[in-house]
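Engineer: Assemble the whole structure, with the sequences as input and the hints as a guide.
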Amino acid sequence: MKRVLICMISVLFILLLGSCSKEELFITADNITFNTILVKRNGSLYAAIVEDFDKSYYNLGELNEFVAQEVNEYNKKAGGKEVTIEELKLVNGKVVLILGYSKMAHYSAFNDVPAAYFNAAAENVALELPSQYVDAKKDTVVDREKAFKNKKNQVLVLYEPYEIIVEGDIKFYSQNAELLDKNRVKSTGDDMTVVIYRQ
Numbered sequence: 243m244k245r246v247l248i249c250m251i252s253v254l255f256i257l258l259l260g261s262c263s264k265e266e267l268f269i270t271a272d273n274i275t276f277n278t279i280l281v282k283r284n285g286s287l288y289a290a291i292v293e294d295f296d297k298s299y300y301n302l303g304e305l306n307e308f309v310a311q312e313v314n315e316y317n318k319k320a321g322g323k324e325v326t327i328e329e330l331k332l333v334n335g336k337v338v339l340i341l342g343y344s345k346m347a348h349y350s351a352f353n354d355v356p357a358a359y360f361n362a363a364a365e366n367v368a369l370e371l372p373s374q375y376v377d378a379k380k381d382t383v384v385d386r387e388k389a390f391k392n393k394k395n396q397v398l399v400l401y402e403p404y405e406i407i408v409e410g411d412i413k414f415y416s417q418n419a420e421l422l423d424k425n426r427v428k429s430t431g432d433d434m435t436v437v438i439y440r441q
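Our numbering puts the first residue of the sequence shown at 243, with every later residue one more than the last.
Derived by calculation from the structure, the hints in this document are not laboratory data. Ideal placement from N, C-alpha and C gives every residue a C-beta, glycine not left out.
Distance ranges between label pairs, derived from CB positions:
hint	residue 1	residue 2	range
1	N273	Y299	25 to 31 Å
2	D272	E365	38 to 44 Å
3	E304	T275	23 to 29 Å
4	D423	N301	35 to 41 Å
5	V384	Y299	46 to 52 Å
6	E304	V383	46 to 52 Å
7	N392	A310	37 to 43 Å
8	E304	D354	17 to 23 Å
9	N392	N301	48 to 54 Å
Structural biologist: Written as structure tokens, this is what we have:
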């Protein structure tokens, strides 16, 4: 009887561990309608750009060649495969390009845009971060100290209008963004957008 009970507890424990595993997210050209960035748990990211592609002189093959050349040149300078072409597809008159980046620094350098990704415990961050944030759970405004209190959280900083998806739960976000789901916000412009989340 004791052995059966121990076996049942072991099986239950294994099932609970399996059900607690964190969901891995992916983006594809077929499910993207707006410029989107997905930040993975390991710090890598995927950026999807959606543009009108409705002129007769547009050529998907030429675009693919151009993007491939840019990616190859960047990777050669970087000394490794830091940027990848994940997908380039025509969807409902729009072209969707998804690029993968090994880390935020390569996203920033390849696109020549400011961006940052760091742990909330990081000190001396060379950014002037907002003084107020929205608490995602309570929908109230809090100060920077409260937003950065949990040093286990990750911080993402972008300056472009994106739908931002993270593998984790958003805890706080800057006031110029809109919370869409527990792991998704939409930035509204080119001003700094900050997302603080727990993986």
